[in-house]
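Each protein sequence line maps, in turn, to chains S and B. Position one of the first sequence corresponds to residue 1 (the numbering used here), numbered consecutively onward. Position one of the second sequence corresponds to residue 1 (the numbering used here), numbered consecutively onward.
Just so you know, these hints were derived from the structure itself, not from any lab. Bear in mind that the values here come from a model prediction, so they are computed numbers and not experimental data. Don't take every hint at face value.
Covered, in the sense of this in silico footprint (three residues per stretch, anywhere, with C-beta under 8 Å from a C-beta of chain B), are these stretches of chain S [unchecked claim]:
id	region
1	24-31
2	114-121
3	183-195
4	622-635
Where is the CB? At the ideal position from N, CA and C, for every residue including glycine.
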Amino acid sequence: MHFDTSAGRNPIDAQTIVGRPHRRIDGALKVTGTAPYAYERHDAVADPTYGWIVGASIARGRVTRIDAAAARAAPGVLAVLTTLEYDAAPPGFRTTLTLFGGAEVRHYHQAVALVVAGTFEEARAAAHLLRIDYDSEPARCDLAAEAPKSEPIADRDGPDYPVVDRIGDVEAALAAAPVTLDESYGTPDQTHAMMEPHATTAAWRDGKLTIWTSAQVVSWHRNSLAQALGLAKEDLRLEAPFIGGGFGSKLIMRSDALLAALGAKAVGRPCKVALQRPLIANNGTRRAGTIQRIRLGADRDGRLTAIAHHSVNGNLPGAFAEAAVAPTRLIYAAPNRDLSMRLATLDLAEGNDMRAPGEAPGLMALEIAMDEMAERLGIDPVAFRIRNDTQVDPRRPQRRFSERHLIECLELGADRFGWARRNPVPGSVSDGRWLVGMGVAAGFRQNLLMPSGARVRLEQDGRLSVETDMTDIGTGSYTILAQTAAEMMGVPIEAVTVRLGDSDYPEAAGSGGQFGANNATSGLYAACTTLRATVAARLGFDVEDVVFADGMVTAGRRSAPLLDAAKDGPLTAEDRITYGDLDKEFVQATFGAQFAEVAVDRFTGEMRVRRMLAVIDAGRVLNPLTARSQVIGAMTMGVGSALMEALVVDTRHGFFINHDLGGYEVPVHADIPHLDVVFLDHPDPVSSPMKAKGIGEIGLCGAAAAVANAVHNATGIRVRDYPITLDKLLDRLPRVA
Amino acid sequence: MARAQAAGTMGSVVVALTVNDERRRLDLDSRVTLLDALREHLHLTGTKKGCDHGHCGACTVLVNGVRINACLSLAAMHDGDVVTTIEGLGRPDRLHPVQAAFIAHDAFQCGYCTPGQICSAVAVLAEVEAGVPSHATGDLTAPVTLDTSELRERMSANICRCGAYSNIAEAVADVAGRS
Ligand code: FES
Ligand code: FES
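Only chain S is shown next, with the shape it has when bound in the complex (with noise of 0.2 Å):
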């Protein structure tokens, strides 16, 4: 099916199932422990070996040697891959790292051996007795010290934008504006900590290669994987049916995969590996540190004259830039506008996608930004934001966003959180020894639309069975692709099977991105159409003017029972949507309205945030349960990204130093208090026949400078590099009497 006008009315608009709260199908799984995670698989595979993944101790250089003779020797022991006897592994998609292969030493902790032995605790322990030895270069870690050696560099995500993105004369309009800012602002390195680390199985027979991993995009792993091993794409089956998180780090193979196939392949026997948790944040992924300017100029109305947004982080040679004025070029309206990115060079774990790329570390600065220039201008931030709404792509005017309505989200949110009550005089408000302020900000978060295809089957006992290699990552796929089978062939939700995560399946958009569960779902409703239209044919109707509701199949006065079109045998449909230019007409987004209260204690600098609430502007929303648990997730993610997370570089060895759970801190439940969410109910009938929109990472965008927002308010201190920890706040706190 091949979406390229706007939806009309559909059978999804009937909303019996969709759009209604629905507790996970596989929510039983879940909290028995019986849903098998990648490196679980004892269902799939008897007796497996157990590799051990040994990481580089230096950040830049090259291994000139390795002494595996010991670890060789070591009870046990199967076998120990060395980095130098393998050829270096082409890149994956979306990457620029070898994982393994060759003498290059290009990041910390990168592979450089795997040890295989008959159980875990041999393979650990034979880890430790080889002998590395590197010939180490300087590594360049630290970002502020790179930056002026920064290049300009254009977005991967964005290449229709030009490099420098200008509009009208920012110069001229800031010198002209009577109210002005030009600050800083400091986001940092982050990792995802997803919960589940990086854990892949792998089992070979007669030359083919299966694996059970952790991935997030079936396709994308397997093909980086294929090409890796030079194996045919065929001759690897990849299993992915649940995922202990990802947040964009396992968007892209990770070494586990690669080193468990090549583990098993050297044993002759099944290998599993998994990453070792304080592997994790130097082997894989980061959320890239930036350094952001932010330059606003506005007349005295508040109505913005000049945006000017320029962002520097740092990345591996080849690497791509963080995009953090992503969201600026849509969020507000400016005739005068300058964007821009520049790319430094830093020998670090590749940065790279994590949860709302771009928009996350760019709101978490504009957002502040808009917070302190409402505060200069007099006017409050709340109304400041709906000033400076733009309904079209201000660098193109005729081009309208589908649906926008972060203004009813603003206002919606000022009336439901008390935010008259929040008194604009920083530092005013006390309960007992807190001082108390209250933040807001604005999110945004691209819409986008990937190909994605579904496989349906009507059974002959009348259950739906639907396949496709989407994946459920806590994201509730399972739950929304069966009630969007449900709804589309008139049975209860209970009548479907969901089988996902499997590369013999469909392919489809998997999971980022936020672009999983609209994509996914109108891939089904692809394939759920041509059923229809086959049941149809079967009973002898018309598919035109033929209703599905309550197992029965209807047109006129004529019915029949759904079960009776496979009385001969299971009907299978197969189908997949793509996506014409409606993304290129119009602007399509989600939209979000963030607000926090914070407590601060006046004697320590200590922070509580006391509550949240967040409204959403993301189409239909398809689960309002399962919707909402990706809100509070995300607007915890923001509570972390406020006030405590960052991943602190080592700048003499080159490498993040609190590389586990215990150094990157992370919200608990001691940090989150009850969070609120609205969702507005917009449909969008431009993105997809489902009307849907992302809503997996709207919800942390602007939520870190909602509460950074709100700790001004408490204290009258503003803080402009994240995370605001208290020994930023402890020498400005307000005189304590």
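Fit chain B with the ligands to the known structure of chain S by using the hints.
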């Protein structure tokens, strides 16, 4: 306490455990953690490994009724112990009330921290029942009540990167309110 065996692998130990009401006897490398004994030797993979060194709580199980991080404990230390894992609390067709509440409140997303969260929650309810105080307890002489700050404090060793805390708190409060 188990003794090193004369025969078998060097450094092996025999451990007898009761796991989910079943008596199990294992001949293990003495370096095997309780977590890996469960996951790799008994194939009870409901207990998760998130970090393998006590930072995340994914491996939380009940040992003699008390919650511990199974990754921080060698199996050899548990000879004679009674271990309850997520599989022992309930099954898909016969859910424990906390498991059912997690589904009702959508108190998880990816599900990887979930068995640990549920085992912790079950233990928290018992701790409160037994009057065990926490860092958040105000009056040490009064009976402990499971208010929001008690609950959040007691659950804080279980990380959920999917960020389901708000829903987890409601699921557990729901069960606590009912019992
Ligand atoms: S696996 Fe035991 S605490 Fe993380
Ligand atoms: S549900 Fe994914 S980490 Fe908690």
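Here's how the hints hold up against the structure:
1. 24-31: holds (count 7)
2. 114-121: Check passed, 3 qualifying residues.
3. 183-195: Satisfied; 4 residues make the cut.
4. 622-635: holds (count 9)
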